[in-house]
Amino acid sequence: MEKISICFCINDLYSQHLGVVLTSILFNNPDNFFDFYIFSSDISEKNKHTLNTLNNNYKNFSLHFINVNTNLFKNIKITIDYISIETYFRYILADLLPNLNKVLYLDVDLVVNGNLQKLWDSDITDFYCAGIDDINFNTKKYKQTIDLDIEDIYINAGVILFNLERIRKNNITKQYFLNNEKYKDKIKYQDQDIINITLKKQIKKIDYIFNFTSRTKKIYKNLAKKAIIIHYVGPKKPWKNFSLNTLKILYYYYLSLSPYNKYNIFIKVLLQIFYFINY
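FYI, in the working numbering the residues of the sequence shown are 10 to 288.
Wrong hints could be hidden among the right ones.
Stated by the list, open to error - So the derived label-pair ranges between C-beta atoms look like this:
1. Asp51 x Lys197: 19 to 29 angstroms
2. Glu160 x Tyr272: 43 to 53 angstroms
3. Ile286 x Glu190: 45 to 55 angstroms
4. Pro107 x Glu160: 33 to 43 angstroms
5. Asn180 x Tyr272: 40 to 50 angstroms
6. Arg224 x Asn287: 14 to 24 angstroms
7. Asn180 x Asn270: 38 to 48 angstroms
8. Asp40 x Asn180: 29 to 39 angstroms
9. Leu22 x Gln281: 39 to 49 angstroms
10. Asp51 x Arg177: 25 to 35 angstroms
11. Asn66 x Ile159: 39 to 49 angstroms
12. Gln153 x Pro39: 16 to 26 angstroms
13. Glu190 x Pro107: 20 to 30 angstroms
14. Lys183 x Ile159: 24 to 34 angstroms
Worth flagging that the hints you see were computed from the coordinates, not collected in a lab.
In this text the structure is predicted, and so the values were computed from the model without any measurement.
Backbone N, C-alpha and C fix where the C-beta goes; we use that ideal spot for every residue, glycine too.
Please construct the entire structure, taking both the sequences and the accompanying hints into account.
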């Protein structure tokens, strides 16, 4: 059974959403074994227990909870009010996971609606990472403000396959922090900007189906049914703004299957019917 390593950086308030992501991965990838690494400074014992109850339905995973000292990031400025300091834990993944050569990083404002093997198998030997070229940032004007060339890939940092071995070899962790200080008054999108600045010229582009957003759907409608990872970017998260949008309903479907399920059987059946009609 192929083993896939995936990591998440969360605070306790996002435990439910992590439960949804984990459920969606395990539901759609029964032929893989997953090592899930959960980086947090405050996740509660109650939520750890709840997440571990996934073992009642799935046997192909292990959960590793790793405490991170936030003092490393005490001088870092938060510029987006709905994003917490935990997003910056991505700077130190290579140090936190010294025995891994690569890891798939995922945000928890997303669901996995298909098989991850193809993404995991992406050859990143000669790259620091792989991600989708964010269609919201393909503008010369913004790229120039953070010293990127127009042809440089600017990835969305919610789904990144990291080459940890290469990052350690070239001491990129230190460079993240140096660039954070250098560009702190220029960046708008926090560590996402710094990751793109630091790793520029050595980022591999992957298919949009591995980080599919509502914006992507407007431009590439034909990819919607093929999307493997659906990412709810921006402040309008599905758990805050309910809608009948087919992408957002997926969150509720996987929530109904997760340890955080709060629906009665009638609602659960409706969600299942919706899922099978649309997917």
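How the hints compare with the structure:
no., hint, result
1, Asp51 x Lys197: 19 to 29 angstroms, "27 angstroms, holds"
2, Glu160 x Tyr272: 43 to 53 angstroms, "47 angstroms, holds"
3, Ile286 x Glu190: 45 to 55 angstroms, "51 angstroms, holds"
4, Pro107 x Glu160: 33 to 43 angstroms, "34 angstroms, holds"
5, Asn180 x Tyr272: 40 to 50 angstroms, "48 angstroms, holds"
6, Arg224 x Asn287: 14 to 24 angstroms, "19 angstroms, holds"
7, Asn180 x Asn270: 38 to 48 angstroms, "44 angstroms, holds"
8, Asp40 x Asn180: 29 to 39 angstroms, "37 angstroms, holds"
9, Leu22 x Gln281: 39 to 49 angstroms, "28 angstroms, violated"
10, Asp51 x Arg177: 25 to 35 angstroms, "27 angstroms, holds"
11, Asn66 x Ile159: 39 to 49 angstroms, "48 angstroms, holds"
12, Gln153 x Pro39: 16 to 26 angstroms, "46 angstroms, violated"
13, Glu190 x Pro107: 20 to 30 angstroms, "25 angstroms, holds"
14, Lys183 x Ile159: 24 to 34 angstroms, "28 angstroms, holds"
Hint compliance for this structure: hints 9, 12 are not met, and every other hint is.
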